[in-house]
Every structure is written in C-alpha cells, then in structure tokens.
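**Q** Chain order of the listed sequences is X, V, F and U. Residues 1 to 377, numbered by UniProt numbering, are exactly what the first sequence covers, in order. Residues 1 to 377, numbered by UniProt numbering, are exactly what the second sequence covers, in order. Residues 1 to 377, numbered by UniProt numbering, are exactly what the third sequence covers, in order. Residues 1 to 377, numbered by UniProt numbering, are exactly what the fourth sequence covers, in order.
For the record, the hints were derived by calculation from the structure and aren't laboratory data.
Listed below are the simulated SDA-like cross-link pairs for lysine to any residue, each with C-alpha atoms no more than 20 Å apart in a straight line:
1) V:Lys-263 x U:Asp-294
2) V:Lys-182 x V:Ala-111
3) U:Lys-289 x V:Gly-283
4) V:Lys-263 x X:Gly-254
5) U:Lys-263 x F:Pro-220
6) U:Lys-263 x V:Glu-293
7) X:Lys-87 x X:Gly-69
8) U:Lys-263 x F:Ile-166
9) U:Lys-182 x U:Gly-165
10) V:Lys-263 x V:Ala-140
11) F:Lys-289 x X:Thr-287
12) F:Lys-289 x X:Ala-284
13) X:Lys-289 x X:Ala-301
14) V:Lys-263 x X:Glu-167
15) U:Lys-289 x V:Leu-281
16) V:Lys-289 x U:Phe-282
17) U:Lys-289 x X:Arg-256
18) X:Lys-289 x U:Tyr-9
19) U:Lys-263 x F:Gly-221
20) X:Lys-289 x F:Thr-277
21) V:Lys-289 x F:His-272
22) X:Lys-263 x V:Pro-220
23) V:Lys-87 x V:Glu-117
Model, not experiment: these values are computed from the prediction.
Protein chains: 4
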Amino acid sequence: MIGGGEGAYIGGIHRFAARLDNQYDLVAGAFDVNAERGHAFAAANYIAPDRSYDSYQAMAAGEAGRPDGVDVIAICTPNFTHYPIAKAFLEAGIDVICEKPLTATLGEAIALNDLAEKTGRFVGVTYTYSGYPMIQEARAMVARGDLGEIRVVQVEYPLEWMATGIELEGNAQAAWRTDPKKNGRGGSIGDIGTHAYHLAGYVTGLKAESIAADLATFVPGRALDDNAHVMIRYQGGARGLLWSSQVAIGQSNGLRLRVFGAKGSLVWSQEHPNELTFTPLFGAPATIKRGREDLTEATHARVRTPPGHPEGYIEAFANLYSGFAEAIRARAAGRQPGAAAEGIPTAYDGLKGVAFVDAVVDCHEAGALAWTTPKFA
Amino acid sequence: MIGGGEGAYIGGIHRFAARLDNQYDLVAGAFDVNAERGHAFAAANYIAPDRSYDSYQAMAAGEAGRPDGVDVIAICTPNFTHYPIAKAFLEAGIDVICEKPLTATLGEAIALNDLAEKTGRFVGVTYTYSGYPMIQEARAMVARGDLGEIRVVQVEYPLEWMATGIELEGNAQAAWRTDPKKNGRGGSIGDIGTHAYHLAGYVTGLKAESIAADLATFVPGRALDDNAHVMIRYQGGARGLLWSSQVAIGQSNGLRLRVFGAKGSLVWSQEHPNELTFTPLFGAPATIKRGREDLTEATHARVRTPPGHPEGYIEAFANLYSGFAEAIRARAAGRQPGAAAEGIPTAYDGLKGVAFVDAVVDCHEAGALAWTTPKFA
Amino acid sequence: MIGGGEGAYIGGIHRFAARLDNQYDLVAGAFDVNAERGHAFAAANYIAPDRSYDSYQAMAAGEAGRPDGVDVIAICTPNFTHYPIAKAFLEAGIDVICEKPLTATLGEAIALNDLAEKTGRFVGVTYTYSGYPMIQEARAMVARGDLGEIRVVQVEYPLEWMATGIELEGNAQAAWRTDPKKNGRGGSIGDIGTHAYHLAGYVTGLKAESIAADLATFVPGRALDDNAHVMIRYQGGARGLLWSSQVAIGQSNGLRLRVFGAKGSLVWSQEHPNELTFTPLFGAPATIKRGREDLTEATHARVRTPPGHPEGYIEAFANLYSGFAEAIRARAAGRQPGAAAEGIPTAYDGLKGVAFVDAVVDCHEAGALAWTTPKFA
Amino acid sequence: MIGGGEGAYIGGIHRFAARLDNQYDLVAGAFDVNAERGHAFAAANYIAPDRSYDSYQAMAAGEAGRPDGVDVIAICTPNFTHYPIAKAFLEAGIDVICEKPLTATLGEAIALNDLAEKTGRFVGVTYTYSGYPMIQEARAMVARGDLGEIRVVQVEYPLEWMATGIELEGNAQAAWRTDPKKNGRGGSIGDIGTHAYHLAGYVTGLKAESIAADLATFVPGRALDDNAHVMIRYQGGARGLLWSSQVAIGQSNGLRLRVFGAKGSLVWSQEHPNELTFTPLFGAPATIKRGREDLTEATHARVRTPPGHPEGYIEAFANLYSGFAEAIRARAAGRQPGAAAEGIPTAYDGLKGVAFVDAVVDCHEAGALAWTTPKFA
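Chain X with its partners taken away, still in its complex shape (with noise of 0.2 Å):
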C-alpha cells in the first residue's frame, strides 16, 4: 500500500475491504511522504521492518527485487501522485489497484492506459460504488432488456461536507481537493462527479456522445468548483443529467442513480444499498432485494448475507478487491475470470472518468456554452 497510514481515510477502508474475504494480505508499504511516520504505522499494523519502505520508488525497487514480493499495490494518495506511483509499479512488473480518479490530468490518463496495455499489467481503478451487488443487478436488469431502450438517466452525488471553507480551517481531506496542482481542473465533478459518470454508464452500458455543464463555486476563496450541474447526450439517443455538489448541506453521500426506459425504470441510492425499486410499464413498484435467491449470478457473486441482513460500503468496497483478485489469479491461470471480476473497473474506465471531468472544464471556461465531446467514452 502507498499511502493510507496514520489520519488518512481511504487507506484504511481499503485495508477492510482487502481483509474481509481472505483474499489479501498486507506485507508491505511506503504508508506516509513523511517516513518516520510510516513505519511507525507500519509497525502498528505488523509489517516486517524490512517492507516498510521509506518512499514508493524505494518499495518498487524493493518489492521487484525479492522473491516474495507483492503481487499488488494499492494506491491511496493524492490524485497527482497516481501517476508516477503507478508507472513505478506497473515498470517493476507490479499489479496497481488506484484510486480514481485514475490521474489528476486527461495527459497522464492516457499514458496510464498505454502503459497499463504495453506491459500488460493490471490495473484496476476503485469506482467503489460498482462494487454494490445491486447495482450489478441493475445492470444485468438493463442488459437483458427489462426497461427497453433506454430513455433518461438522473444521476446525483451530493455531499455536505465541504459546505464550508473547512479546507481553510486545517481539514488535509479538503485541503488537497481544493487545491488544483494536487486534485487536477475538477473539483466537486472530480472528486464525485467521475464516481456518478461511471455508475450512469457502467448501468445503463451508454456512452456520452456530449455535454453540456455549469460548474459554479459557492465558498469564498475556493479555487475549483463545488456544485456541478451537467447535461449529457448519450450516443444512441438517451439523456441524462448529472450533478455533483460538495455543499448540499443534508446530504450524507448522497450518490443516487434513476434509470427510465420504454419498458420500466429504476431507482437505487447509495445510503440504502440493499434494495432497488423496479417500476415496469404502467405496473407498481417493486423492491428488489439483495441477496434473494433469483438474482443473476454476477450479483450472487458479490453478497454475503441474505435479505434484511444489510451491507454496505465495505462490502461494496471488498467486492471491488475481490473481483481485482479474480482477475489476476485468472490472468495468471490463463482462464476467463469468474462472476466476481465481471464489470470491475480498470485503466480504460478511469481515462473515460477523467476525460469525463476534462470535458466539463472544458465546457465550462469555453466563452460560450456549447456541447462539448468527451475525447474518450
């Protein structure tokens, strides 16, 4: 793991998730960009002294060079760090699981994707909320055809947290998300947005053909955007509507996504994860629940519990490592990966989020609205 030790928040629930279905262990890491502070937290969480490593370029070194070396790496740091971090690795002939957005320029996204193609490592890109087993069963509900051609997608990812100038105030989360060098040109469509235009897409199956945005930024002082109001037009005909706010007081995490066909629509929310609502054509609603036994098998792949037994956002989470290692253990058995790596994000979909967010920018800060085509979809 790079990054994710003492005061860090996403670096332990990646921890969690690695944990939870036994398919990981943790031997090594560069845990902090201060290194005394990194085996400190390396020792607390019992890593040989030996594979605590004083930078990321020292562990791919290190790492490459022993016989019991990681087969992975997780990267858990700012997003202007994910490139040069995952190139070491990926160089060092080392798997990279990384945080998206995949990189904090459209640039360094491309050459990822090239580099992750040229070496023919894995990389997988945690688009955490794909992880939910419903949202695999919305999916397969789209695949095979239960709400027809698709008509409307509504996707929002409100948030509270930042509603303030809390960045001013000492918060590091914050910080570094409203800073531009370190988080890249989008803010609010950055940090969440990419997570709303992968879970639209990763659905429904459609690509953006173009959009249409309005970023505005609602606290003082702040450099980036914190509300993002974006209009899509899907190839094939579809609309969409997506909106990303970092200040929408009320709202936990709030990521929701509504699918409208010609034949049904439905409805899912991240804070209830374990069911979603199928209305078909002019019939009632209906609450699909997790963990029923008549779901198709790529969601059966990801729930450890029956109906009423609620999981959340660790299981989402392990169900992402999960599927990563399928993955790899597949490639290396030269076999087709199973139910649990079907869908999981990779190189290519971390490039279309951050193209995603380049095209917003660049919508935006163009003198007039226009439509605008994402260079990758």
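Position chains V, F and U relative to chain X; hints supplied.
**A** Relative to chain X, chains V, F and U alone:
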C-alpha cells in the same frame, strides 16, 4: 366555469376546491364546446337552465348583464383557449381564475397580463402546488433566512402517464397536450415544467437570469418534447436544475423541490406533502410537519387538520381558491388581503411561466446551445 | 349538526366532509351547549336563525315538525351524550351519523343498536379510517384470497398529544377524554383503540374470540388508561396484537395496520394513506397506489384523483359521508346501495367497538389476567 | 471454531466478523460433525492439518496442550450442543464466544453461567444486533436521560423465511430450529424473540418483572411456535410489547425497536441501521446518523466510516468480536476494558434470554393465562 364538463379531469378538481371552504357557489357555466353535452352536465350539477350557456361568449354577455351575475369564473379548457376566454370575461368586468399555463403563446400572455392591469380585475392562476401549506412554510423559511443565501435549487416533475403514445389511442387529455396548436410550444416543459419552475421561484424568491435546455421526444410520432433538462442561472448567482418528463415510468406525479443554502437545506415532495425536511448546517435532518402550532401565519391559513391527519392535492387546490376569494374580497372592501392570499399566483406569475417555456424552446431550437434569458422573470 | 361549534375540532371535519361531494346541505343545528354561542356560530355559517336551536331536544322536535326538516343529523359531542341525542332523533324519525365510540357504556350501545333496528332508521358511525380507498382495497384483497388464510394481524394507533397532563392545563379536548363520566371506561383504548380494532376487523373480516389486555396510565393524575396493549385471539385461529397510546412522543396520528396470511401480506399506514404494500409469498414487495385503474369498484367509488395526487383524511371522511348518503338514498328508493356504501360502519359496528372496550377494561380490572370474550363480535 | 463448516450460514459470518478488524486469526477448528467434511473445509481455509480436529473434545484437549493454543473459540452449532462444547473449553482454560440462545435449556444456562463465574473465563454471546453503533447510541441516550423515564417499549422481530414448511423439504437450518430436541422449547421466541428481548433490555436498561404470552404455530406439522405475542411489565412500571414471527411474509429480517419516554422517543430499524429517529417532547423528529462526530465514545468505537457510507450486519458482528477481544485483552492485562467492550453481552445476558424463553413457554403452556416472572432478569 368554462369547460370542465363530462369527462374532463381538472374541472372536477376546481369544483372540489371551490366547495371545500364554502367560499364559492357554482351557479353558471359553459361546460362543453358541445352545448348539448354542456347543458346536460349543468342540469346534473344543479345549475339553473338559464345560466347554462352555449358558449363562453354567451356566458360573458349573459352574466355581465345580470344583477346577480357571477363574481369570478374558472377557465378549465385547453391552453389555446385561455386567452380569448379570459379576455372576454375581463372585458365584461368579471374576475378570472385560469388554469396554467396562462396562455399558449407569449404574445397572448403579455396581452392578458396587460389587460389584467388595465382593467384592474383579478386574474388568478392555478399553480396548484404552491397551495400546499408546507410550500408556504418553505417560502417563509427561506425568506427569514433559515437557509442562508440560496446556492442550489433542484426541482423536478416527472410523470409516467404519457410513456407510450396514448394520444394516438384515443386519450383526449394526451391528444391536446401533444398538439402544438392547442398546447403551445412546450410539451412536458409547458405542461408540468411550468409548475416546477413556478414552485422553485415561489419558494426561493429567486428570478432566472438565463437558462440552457435540452429537450427530447422519446415517444415516436409525438410532436412536442416529452422530456426536458434545463440548467438555470438565477440572478445573484444561485444555480438551478429542472427536469420535467412525461415518460418517467414509476413516477405518478413526482414533483419534488430541494433547496440548498449556505446555512441549511429543505426537501419537499408533492406525493408526501404533509412534511418537509429541514437540515441546518452540519446538523441533524428534522421533519417539520404540517399542522404544528409553531408554523407561520400564512401556513396556518392553509391548514385544516392537525399533524398526522394528511391533507392533499384537493386541499392545496382549495387553498388557492380561498386565497383568490380573499384577494377578491379584500379588493372589494378596499383592505389589505389577509394571510390566506399571501403569495397567490396571479397574471404576472402566469406570464413568467410562459416566458420560461418560450426561452427553453428558443434555446433548444437554436442551432447551437447558448445561455438564454427569459423575457420576463 | 349537534355540537361541533366554535372551538370544536371534529365538527369542522364533518362539515368539510359533508360539503366535498355536494351531497349534503348544512341547514340546521344545535351547535353548542351554550345556546348563545351556538347561535353566533350558526349565523356565521349561513344557518337560518329559526333552524339554530337551543338544544338537541328542541332541534329534534323542530325539525321533525317541518316539511323541509333535515334528513340526517351528525352528532359531534362528547361520548356520554351520544346515546340520548341519537335516541331523540331516531325517535323523531331522523337518521343519525354519530361519532365513535358509539356510546359511553355498553348498555347504551346495546340500546341504541336495538333502537336502530326497531325504528329502521339509519345510524352511521364515523370510523373515519375505514373511509380510506386503500383500506377498501385491502379489504377486497383479503376477501378475494390474495393473502390466503389470515394468520397474524398487527394494528397500532399511537398518538403524542396527551403525553403530558394537558387536561389539567385547560385543554378541553383532553379534559373530557380523561373524565370517565364523559368519556366512558376506556381511555386510549376507547378513544383510538376502537378505531384500530374496527380497522383490523374491517379489513380482515375476522371476529375476536377473546382478548387479554394490559392497560397503563403514565401521566400522573390521569384517571383513565393512556396506553393499552392487547393480545387478540380471533375466531378461526388468527392472532392479533393491538397497541393504542396517547403518550407516544413522535407519533402524530400513527394508525398502522399489517396483515399476514399464508399467501401474502399487506401493510398500510394512515399517515401515508395513498398506497399499500403487498408482498406475495417469497415475492418482492409491491407498492399499490390509490387511483390505479385496476383496483376494485368499491375502491374506485372512494377515489377522486389519479395516483400521485394525494388524498387524505378529509377525503376519507367524505367517503363515509357519501357512503352514508348512498345508503340513505338507496333505502328511500327501495334499491340496493351502490359500491360507495359497501361496508360502511353502522350501529352494530359501533356496538362491537364498545363491547371491545368493555372487555379490555374488564380484563384489566380483574384480579388476574385471563382471556376475556367481548360480548359482541 | 466449532461447527460453521461447509453449508453453514452463521459460521461464515463469524469469520467475516473476526477478520474485519484484524484482531483474530483463525488457526484451529472442528468444523463439522462429519470429521472428513470438517477436514476438507479446514484445508480450504488455510488451517494447518494438525489443528483441524475430529471433534470438539479432541480440539479442547489438543489446543489446551499446545503452547500456541487458541485463546478463544467460537461455537456455531445448533442450540442443544452449546452447553457441552462451552463446558469442555472453559474447563480446558479456553475462552468462549457462543451463539445465542446460550443453551437449549434453562438448567444448562444456569450451569454455564456458574461455570463462567467459577472458572473466571470469558463467555461472550453473539446478540448480534447489540453490536450496531446506533444501538449503542440509543443506549447512551436513554442512560443520560434524553428520553426521560421510559414508559413504553415496542420491539418486534418478524421474518418470512419459514412461512411454509421448508423444514420438511430439506432445509437443514429450518429443520433443527423446529425440532424441540435440538432447538429447545421456544420456536420463534427462542430463535429471534431472544434477540428482540435482549435488544430492548440493552437499550433501555429495564428488567422484566413479568410477562404474558400467546404462542401460535401456523405452519401445519410444525412442533414449535412460529409466532409469539408477549406483553411485558418491566420493573418500575414501564410496559413492553414483543412480537416474534417466522411466518411474516414480506419481512426479511425486520427487527425494530421503539422506545417512548416522558421526554422523548427513539425508533431504530435493523434493516436501515445507520440512523435512528429521536423525537423530543412535542418537537420535530430528528434523524441521527451513524458516524457523526457528536456521538458518544462507545458509539465511535463501533464506527469505521463517516455518515452516508452504510455499515451493516457484518460490521455489527465485527463490533461484538472486537469488543470481546478488548475484554479478553483487558483481563489479561489487568486493566479496565475500553469503550469497545462497553455493554458486550456475556454469560449472564445469555442466561436471561433463556429464562425469558422459559417463562414465555411456561406461560403459554399453563392452562390459564397469567402474568409470569422470568427466573433471571
């Protein structure tokens, strides 16, 4: 009453609304373009034969000439007839309650608003949803600063009943709504988008500076939009997103409003109208219930039952009617209207709605997307 | 109308309900035990002075003697006066609509039911909640076997408004409800438990075989129960649980019914009355919405607006009034009543409710707990 | 681990829970009464062959004799085996984590509780639902007086999975649960009623004074109750109502708790465990979210993610495991246990649960209904 006879939907609602608070007697009408059917309907509704008219023109003349002529009429006909009917009665010295949208064209709306000013007569517009008590409370909360400066407004009005081409299968309600000559230029945006737009402005007090819109028609053969996405920039910097749809399977009458300010947010949904959720900055969401004693006077004036005894759509409609009655009586008495009439929608509100639809369709029909300014806001 | 004047709550509801469907005119009344206040109220409500009476006795005599005398009266007074008032009007040949509980004592209830039979006059009882359309639908679903044999009935009716001793602080509504002489033997169980008991029987068609009850009084100084727990054994083997409470903080008017059978279940909540949830055996819960075209005829007869346009408490009350009107007209015309009158609560339903309260209080007051059989079921 | 091998449900949950917080390593087990199957399971789960035992007796002896023997074992077997297994390990000096109900008979529960005291070993009982963070918060709210004196406790635990006679169709989980010899005297009341009873006592701190119960068996041929209604009188005057059911169609895992006091109320539902609703006297209901910074220390100790990132059943289970680990370590270190161990269920809690079931069945089997006092409270 003009229109609203046998087989009509909204006419019956107007009658429920007029009766509920015992402020109106229905004593005359031209209930149907087919005079014979109109007279039959009148007879069944206890209307004296000499006050069941063959046409609105006959009624305007007849009632204007009676010492006990009607004080006010209700226009419950398709959009393209609103203007000539309203004109006839205003010129006959009779007040008017008119369905939305106020008229089918912007020119008519301007003319009608001018006529209302010139004649000094009352023109009420049935933006039904502004009659709900908790909408009044929401408006008061914004006005007194509970939410701080408004940043983001999300309003949506999705419906499912026109998800297929029912206008081709004999559904009269759908037929005129999809006929540009009878309905005006805006499909979903004119029929229900106007409600959503009014509601957002009513609660927040914000005026639109410019809009950018993407209209779509999903049902084959339909002449007008059945789905509209609109980004709004309000004067002063707030941003809005508006969605209207007639093809949103699973949505019965899904009008919903969310307002986010610097100090708090509120959420209200028309299908559960007896409560709203208010969340203060970093606080716990609270459910505010219609009927509580600590709500504002204008809310109390729209409440008939204590919390937990649900009121609904008919009561909201009745609140408009009682507000209109209060406005008419106050004018007659030369006094200020009371709380029941606070904020009731009148001709200028209707004009703003038509101007909004016009701007949306202009924006969409222009070759290139551009921020477009409604002519009245 | 008897009672229901200035300051009364339920009288106003009766008037809304009577007006809504245009089936009644309010033309006479004895609105207050204080005759002067009653006359003032009558004048403000457009009642002719000669039909505003000093007392119910005067009204019974006066109206019976007029050729245009009232067809039916509504009793909106405290419980202990129901019986003498109803008796006076029935004996004067005038039909009666009476608030629940039917009477304050079981003896009175028996006598009133006998009198209704003997005189052949109509006695309707305002078990308000049975007027909701989705309750009618629930009843039809059980009757046609959608749930299979009924196993378990859970009904509850919690309120918060009497959570403190407001009867000692000048609240007149609470004062008579906590006075055994005016209210009868049952506190919460008489006031609201009767509603819950009726609703459970109305929907399921089940009759109680025996009950076991635990009453409690939590507010210091209160003379009657303010919380009741009742276990019910229904004839045929189904089991029920009933909870009524006047001290349940957070519960505005929380009547809720859940019915579980061998083939399915249904859930309905009064505060969101426009839908019910039906779950078939091992199937997905479905939301059935009021106003759908595929509901039963008796449900349609109680619906005014399409799905998504909420109806509420006043509409439910109006459904009872319209059902009573249909029953009265059908009797006058010598025909079978239509769907609007199907299942409306009459004197015997009122008697059953009083018998239930009596059994509950008997059970509680007995030295030892024992299964107790209501005298009428 | 004893039991919990191939095909078992709860064993897998124990393993997820033990792994999540990195406090346990699974190193030995007797996973199956069929030793061969047990060994196969052990091999697949990375257990050294010499620590995969043929029987629990062999494992108690083997592990007690090793310097690196296990610290604690988890008992995941049917109820009737809990006592002999626990006894074997406690007498071998090994701590025990045991599924609920603690034992199949009251005599065994008394003996086991005595043995725990006598040996000074740790016995944790997996009353899973008490591991949820918001249950901890609810407990703290009651303890610090937010609700005032408790008046009414409503707890229910309905399930649907045994709504038909699946025990006759090869469902092993249902088979032992409906066999009095393997399960004990209580059907639904023993299996899930014990969870509900513990939860109510855990949150409120109340102890039962007496109970009155009505058990029913709805599925033909079933030997134990599958539905239980229980009225509870708590010491000090509060009243409770408990419902458990295995035949409640539509209910996946519907544990729900509502507590009403003189100053406020709270509502919590297991299927949406990340929030609770608190309503102060005559105030607005507030949604308190797991993860907020202003919650109590014992709640924080059970939280891994911020508000809006749902945690669920596995995390609740892991909280028990981490609490048990804290208790065991604190005892070894001779220090007070930290917040993670506050309130964790131990042998006496298990004994109380068995005593409750015993009282319920005694009450039901007595010829006449009577208030019955559990032997331990």
